[in-house]
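Given chain A, work out where chain B should sit, using these hints.
Okay, here's what each chain looks like letter by letter:
Number of protein chains: 2
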Amino acid sequence: MKKLIGNAVVGQSGGPTAAINATLAGVIRGVKENLDGGCIETLYGMRNGVEGLMQELLIDLTAYFDCEEKLSLLEHTPAAALGSCRKKLPKLGEDDAFYESMIGIFKKYNIRYFFYIGGNDSMDTVAKLSAYTRTHSYEMVILGVPKTIDNDLVGTDHTPGFGSAAKYIAVTTQEIIRDCAVYRIPAVTIVEIMGRDAGWLTAASAIGRVVNGIEPDLVYLPERTFDMQSFFADVRAALEKHPNVVIAVSEGVRFADGHYVGEGTQTGAKDAFGHAYLAGTGKALELAVKAEIGCKVRSIELNLPQRCAAHIASATDLSESVATGRAAIKCAGEGVTRCMITAQRADAEEYKIEYLPKDVSEIANKIKFVNDEYINEKGNHVTDACCQYLLPLILGEANGFYENGLPKHLIFD
Amino acid sequence: MKKLIGNAVVGQSGGPTAAINATLAGVIRGVKENLDGGCIETLYGMRNGVEGLMQELLIDLTAYFDCEEKLSLLEHTPAAALGSCRKKLPKLGEDDAFYESMIGIFKKYNIRYFFYIGGNDSMDTVAKLSAYTRTHSYEMVILGVPKTIDNDLVGTDHTPGFGSAAKYIAVTTQEIIRDCAVYRIPAVTIVEIMGRDAGWLTAASAIGRVVNGIEPDLVYLPERTFDMQSFFADVRAALEKHPNVVIAVSEGVRFADGHYVGEGTQTGAKDAFGHAYLAGTGKALELAVKAEIGCKVRSIELNLPQRCAAHIASATDLSESVATGRAAIKCAGEGVTRCMITAQRADAEEYKIEYLPKDVSEIANKIKFVNDEYINEKGNHVTDACCQYLLPLILGEANGFYENGLPKHLIFD
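If you're matching them up, the sequences are chains A and B in order. Counting along the first sequence from 1, when you hit position 74 you're at 74 in our numbering, and nothing is skipped either side. Counting along the second sequence from 1, when you hit position 348 you're at 348 in our numbering, and nothing is skipped either side.
Pulled out of the complex, with its shape left as it was, chain A reads as follows (with noise of 0.2 angstroms):
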């Protein structure tokens, strides 16, 4: 295989979360540690992904990171210093005008390197735009480096990102239940936790089952069909064994007709990829088990903070997210393409993640729903196993930087 030289771009889409600087940092650092073997020159940042790159809005990424306080601060940085869009690129065959004005800027610009940070909609980018260079000729690499709070990309463990959204939801689950734990009235407290489809954010507020014993008396899944005649059993059933009862639901649960639980309350709005968007799930909950139980209740929704707080950030998540920006250069180097960097746990007992590359086309669109074996038989909790299984993504506190009891963050001009 020929060697490849020229320059790359970078960029990230889709939603924040507190590890995606860290992937980017990785990137920068893999470049600059010459992992591609001296192939990548000049590595630009496009701004706010592919809309800013097809308006030429670039940034000298080798120049601006000059020294190791800039990329270790960029690492603490949440949500996408780059910027991010959901633009979503034209189905191959209806508008090759928008692929070739594209390939027109990265021959412009001599990029023969193309990394793409995201989750699921940005290795849908990546797909077709692997699909689209492999008929077309202009010989590039192609790379999805994944990205993702809501850790339901296939073909890899789990995604950079996650990590710290699961320790912010484990670790804020962990201090509500202390603050309902103060008052002996019977009380219930919903909290509300994203993940559209998927339900591992949700799972994550049970970890402390194999720390220190605390959790959620109740956790449901998208995976499992919401039945209210059920939930108001569990509740009440809960309500016997102790006066605070804390429950934590996934804002996607949906009931066996396919509509949401949420959507009595919510706006009916879609994002651009036709996604419904939620909102109000907890808050359903909380009015329905107001008017059935009639006892306290209160829901919580997570919101914002749990994707972009990164005063909380894993130290785990962070070092791992930096390291899949590390072998997405190295890959480049070796000439991989159309792939998306994944992450393999190791089967032994002592956890360890190899990176490793995998064709982007099996991964985009589909979904990596939470294992039958990580859900309880009645479909209203986690299982030890599943515990086991995210333990060790939280372990260790990311501890940023601070200036006069703010958290510093790196912000480009």
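Hints were generated in silico from the structure; no laboratory data involved. Hints should not be assumed to be uniformly reliable.
Subject to a maximum C-alpha distance of 30 angstroms in a straight line, what follows is the list of computed DSSO-like cross-link-like pairs (lysine-lysine) [as the list claims (entries may be wrong)]: (1) LYS88/A <-> LYS241/B; (2) LYS87/A <-> LYS290/B; (3) LYS296/A <-> LYS408/B; (4) LYS408/B <-> LYS241/A; (5) LYS352/A <-> LYS88/B; (6) LYS290/B <-> LYS88/A; (7) LYS241/B <-> LYS70/A; (8) LYS290/A <-> LYS87/B; (9) LYS366/B <-> LYS296/A; (10) LYS241/B <-> LYS408/A; (11) LYS296/A <-> LYS128/B; (12) LYS91/B <-> LYS366/B; (13) LYS408/A <-> LYS88/B; (14) LYS87/A <-> LYS296/B; (15) LYS296/A <-> LYS87/B; (16) LYS32/B <-> LYS290/A; (17) LYS32/B <-> LYS107/B; (18) LYS366/A <-> LYS296/B; (19) LYS408/B <-> LYS408/A; (20) LYS241/A <-> LYS91/B; (21) LYS128/A <-> LYS296/B.
Just chain B now, kept in the frame of chain A:
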């Protein structure tokens, strides 16, 4: 003055905070360090405040806290380790039997010292018990030890627990602003913050102004009448400047007619002290902006985590909370009674706090509002002076103890 020798009891009351256990630890430390000059023999803890006291649910804290490790762990445990209550004592003259049975319990356990850690409602308890014992023959020392995230007690510079909640709010706001900055489409994000009457917590969202210049675009406190048309004008002006508008609003903002902004979407429930239960100010404004301006809007209710997030507690707040507990024991040893321990800020360049007792009857049932000079003329933001007042309170990160990625908390049996 003759020295009063006997046992002591301490309780926690009202809403949980990340620092109320640090104050309890300070009370215990004070006794162990003999700051009372040997007046106190055994220190009891009442479970669930005066409710548990009336049922003689007492725990021997002198015996339980036999090592530094336990005290240190208690200091980093959120909520109220002894449990809390929202019990309102009978009006004086209306139910002497209640007070007599409480005094009966004091006599039974030879309790001569009563410490009650709490906020406004708890100081009402302290004031009533002070008044009752003044006119009925049982000699004892009664002291209020402040705690409230709301910072709304008069006569004191600030309250233990506030600094940690303020830090959580300031840090989370910075992270939310970072998160919201990733897209380029116009979007309004409304962050609803606790504070029924006073806007101190909401003001804390803006501390970044004097640290790194990052703050919400608009800040609305309950100290100013909320006008929907001015609000829309403010939002439109903010959207002219940049696409990602972040707004902090107190749950307690009201219209000129006295109705809460969130009233439309709330339950009308009241707590035991007759305070309206508020929820939904952010949601109400979200719907209003969506209808009026039509851009992407979302609301985030910070909810319980803002009062129990010990993982991002302010080191200054925790150490001052301990100091307040210690000061209570010192005052008790000096025979000070019917007072609350206050914090007085030295009028000097360097931030310094002195602890002084003040007559609790002058404090209970009053509200300290945000100073006029801390709110801008338009009533849609805070001033630099406000941020300068708040900044010292959030300094330092009180990193707690972790075990397998999760915080360690002290839990009595």
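Each hint, compared with the structure:
1. LYS88/A <-> LYS241/B: Between LYS88/A and LYS241/B the Cα gap is close to 28 angstroms, so the pair holds against 30 angstroms.
2. LYS87/A <-> LYS290/B: holds (23 angstroms)
3. LYS296/A <-> LYS408/B: holds (28 angstroms)
4. LYS408/B <-> LYS241/A: This hinted pair holds, its Cα atoms lying about 24 angstroms apart.
5. LYS352/A <-> LYS88/B: violated (56 angstroms)
6. LYS290/B <-> LYS88/A: holds (25 angstroms)
7. LYS241/B <-> LYS70/A: holds (28 angstroms)
8. LYS290/A <-> LYS87/B: holds (23 angstroms)
9. LYS366/B <-> LYS296/A: holds (28 angstroms)
10. LYS241/B <-> LYS408/A: This hinted pair holds, its Cα atoms lying about 24 angstroms apart.
11. LYS296/A <-> LYS128/B: Holds, at about 28 angstroms.
12. LYS91/B <-> LYS366/B: The hint holds at about 17 angstroms.
13. LYS408/A <-> LYS88/B: violated (44 angstroms)
14. LYS87/A <-> LYS296/B: holds (16 angstroms)
15. LYS296/A <-> LYS87/B: The hint holds at about 16 angstroms.
16. LYS32/B <-> LYS290/A: violated (46 angstroms)
17. LYS32/B <-> LYS107/B: Holds - the C-alpha atoms of LYS107/B and LYS32/B are around 23 angstroms apart, at most 30 angstroms.
18. LYS366/A <-> LYS296/B: holds (28 angstroms)
19. LYS408/B <-> LYS408/A: holds (26 angstroms)
20. LYS241/A <-> LYS91/B: violated (35 angstroms)
21. LYS128/A <-> LYS296/B: holds (28 angstroms)
Comparing the model with each earlier hint shows violations of hints 5, 13, 16 and 20; every other hint is respected.
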